[in-house]
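S.K.: As a plain string of letters, each chain reads:
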Amino acid sequence: MADVLDLTTLDRSLAQQVTPGRWEEMLSCIQCGTCSASCPAAHAMDVSPRRMWRMVNLGLVDEIMHSKTMWLCSLCYQCQVRCPRGIPLTETITRLKEMAMERGLVRSRASAAFYRSFAYVMRHYGRMREMEFMMRFILSSNPLGALGYIKLGPILFLRGKVKLELPTFGKGRLDRLFERVAELEGRK
Amino acid sequence: MKYTFYPGCSQEGTALEYLHSTLAVLEALGVELEELEDWTCCGASVAAVMSDLLGAVMPARNLALAEQIADGRDLLTVCSACYTNFCRTVEAAADPKRLQTINQALEVEGLTYHGTIRPRHLMDVLANDIELEAIKEKVQRPLEGLTVAPYYGCQTVRPFSPFDDDQRPTSMIALLEALGATVHRHAREASCCGTSLVMTKQKVGLSMAGAVLEAALPADCIAVVCPMCHVNLDSYQDKVSGALGKPVRIPVLFLPQLMGLAFGLPEEKLGLRRLVTPARPVLEKIHNAHHATRDT
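Chains as they are written, first to last, in the working numbering: chain A, 1 to 188; chain B, 1 to 296.
No wet-lab data here; the hints were simulated from the structure. A portion of the hints provided could be inaccurate.
Pairs of lysine-lysine, BS3-like flavour, derived with a Cα cap of 27 angstroms [what the hints assert, rightly or not]:
(1) A:Lys68 / B:Lys203
(2) A:Lys151 / B:Lys203
(3) B:Lys285 / B:Lys136
(4) A:Lys163 / B:Lys269
(5) B:Lys203 / B:Lys2
(6) B:Lys246 / A:Lys151
(7) A:Lys151 / A:Lys163
(8) B:Lys246 / B:Lys285
(9) B:Lys246 / B:Lys138
(10) B:Lys285 / B:Lys269
(11) B:Lys136 / B:Lys2
(12) B:Lys203 / B:Lys246
Simulated coverage check for chain A against chain B, where a stretch passes if three residues somewhere in it have a Cβ under 8 angstroms from a Cβ of chain B [unchecked claim]:
(13) 66-78
(14) 121-128
(15) 138-152
(16) 164-178
Cβ coordinates follow ideal geometry from the N, Cα and C atoms, glycine included.
In isolation and in its complexed conformation, chain B is listed as follows (with noise of 0.2 angstroms):
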């Protein structure tokens, strides 16, 4: 299983967990990777906005390169925005008119797109392209006594939504069954985490954090796949505290983060120091539930 790998600016600065936990547990699946040479921004939320051609100009630079060396090879991100970005220039490339113009502004960076890449979602790949039970037999150390709350966020199954529910998304629950830990089903799965709104509009943003942090708040800890929802939910928690007037924490981990615990990776390998809130409670956890089992 191969894929040309487009990690996302994200993951050079904030979310470098998020990359290092992410190439960890794919090699320990046995997922190759190569990675987009000369990569450049998707655009984020804003490229669009500066101008409708740039929206799709700056994702079409990187499938043009991606068609370079495909070879068959999907596109994977880990990133919801980069993502939803690729799946809106894959959709605007149906028209050869406005494809004509993408390739006009492309010609100065030499490249050509033809609109021929699949991107997939990290989320797809790990619930779709790999087999359960390979999961299943790469864990060591099952995150029994661990509850987890999943949370997708929206960009991950919207307005995109080829591998899950665009509402109510499934995708994590039997992973996370697989690593042994228990799922905290809960209202705002799908939610948005408030986005850069926690910067333009700080009130209005933590609202939104806080509504899907408190969803969660009976769980021992949140799964996320997208580092945008990530800082929002993991960096903001005091704020969010404030805001609500009363005391809001739970630790919020990489997908990838808790694949690695199970995996019995290397905790530096899974940067889990780089929390904002700390991972303690989570580690403890686990921790107690196997000196448990070898007790007994």
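Chain A with its partners taken away, still in its complex shape (with noise of 0.2 angstroms):
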């Protein structure tokens, strides 16, 4: 980080595009603290969110994508509807995990694989499938994870949770969908 910042000429693109239509709801974050004392899991975050929020109207954008905080939100909602000046602060975390996405920058791989194998799923099968889904998960992320599950597995198993279905390969149910999107979106 810089050590002195000038004020006169700082980049407001990224409050622009993690709070689109918003971003000057977000430039008038006050610092108040409110969203970091309503944050569930602050307290693991390497940067609080009154800071990130900070960060985002300074457009420190490899210093936001640096820290871990996005991943550790829960998307519980507490610190947009608490904030004193209306500002969307839980979808612009969505905004910023999405841009880290993009970038192949997501600081934590569990949540990469977590949303990569969800992803997959959805647009392969339309709905989605807890088994194949937790596999998908599993081995993307950490397969020694599963030994997590060796106590818990057999039970859901057992109680009906989850259940065995083959995987299909091929063309996936929502395909088209998906393609059309990130066309619209010009990523294609």
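Relying on the hints, combine the two individually framed chains into one complex.
M.R.: Right under this line is the structure:
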């Protein structure tokens, strides 16, 4: 981080990008810290939510991408509904995650595996298949993580909570829709 | 009373008992449902991270399908994440430019979304569309002696809360009391269950689930209205106990399961055996209370 920030030449493009249509509200952040105080995961974050909003407004994109903060957000929306400036904070975190995914800068291997595995199953089958999703997630994040489910896995199976379904290959149920969305967003 | 019904993915898998108990209870109350044909995933917490547009298109696909058969009916969903995604999309559709882009995407599915459908959460319908008297009339085995801790979770009331307070919701109180139960109010009724952090950042996720379970412990069971909350609170109690260094054990039932028990519906229809944390203590308590009343 630069030692001295020149406030007259600040780059507002990050705020514009991650709080689309409402970036001026983002700039109105008063750094009160209600977000940090309301966040159930703040204790585990390397950069507190309050600090991260300041970084957004200062355009410090590398610092934000480097932090693990966004990957600890569980979408509880507490910061957003309590923000005295009415800034859509939780939605902004989702945009930051999107930016990190797009740039291949996900600072959490498990989170990247989670989103990719889920998106694959959703696109391929149109609906969630929990068993296949779990297998894909575990194999692509940390295969040893399967050990953590040695006790719970069989219980879930016996209770009928997860069922074995053979995977299918070939064309996915929502391929066309996903491709069309990518096209419209200019990613293809 | 009739709704278009969007079950949601979890209700075909981990939360099948939520689906079955909801159908049984709504049928008992004379509510008609028409399941949305060819529904697909709402996008969960994932589509919007993959792309902003995809996060609107996944719910919009289902909303567009629902509009085709709407006939003035609302779209009922039992999952809080589906509910939030639908509400987000209704909000996005208010911007004509955004709606146009959504429809450019839906073209490949042969669908057009107009932004006219109203998504409703099961909690809202149970608390506000159905008369409390109608519920009381159905109660055959009151849950006397049973203390229930309500748990709403986050997205049932946040960020969209047209029917309840987003900090201190109250929708379940009168309902649980109508079933004959005693309500244990606690500080974590609308706190986060940890959602997918239980998978990706397990230590943090378990501490969040643990905080909810601990707050609810003085009760005999927890009542939930979201399949995600249910997985975290019901399935991970061993891991939570390990993380907290003390045993944390409390049955977690879906609200319609408790309603079904009070209505005297057959237990197999309510899927109580599917719970990871056994519901036996709850059943015994109800059973004993009935015997006690009969004996006196």
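S.K.: For a quick check of understanding: which of the numbered hints are violated here, in increasing order?
M.R.: The structure conflicts with hints 5, 9, although it agrees with all the remaining ones.
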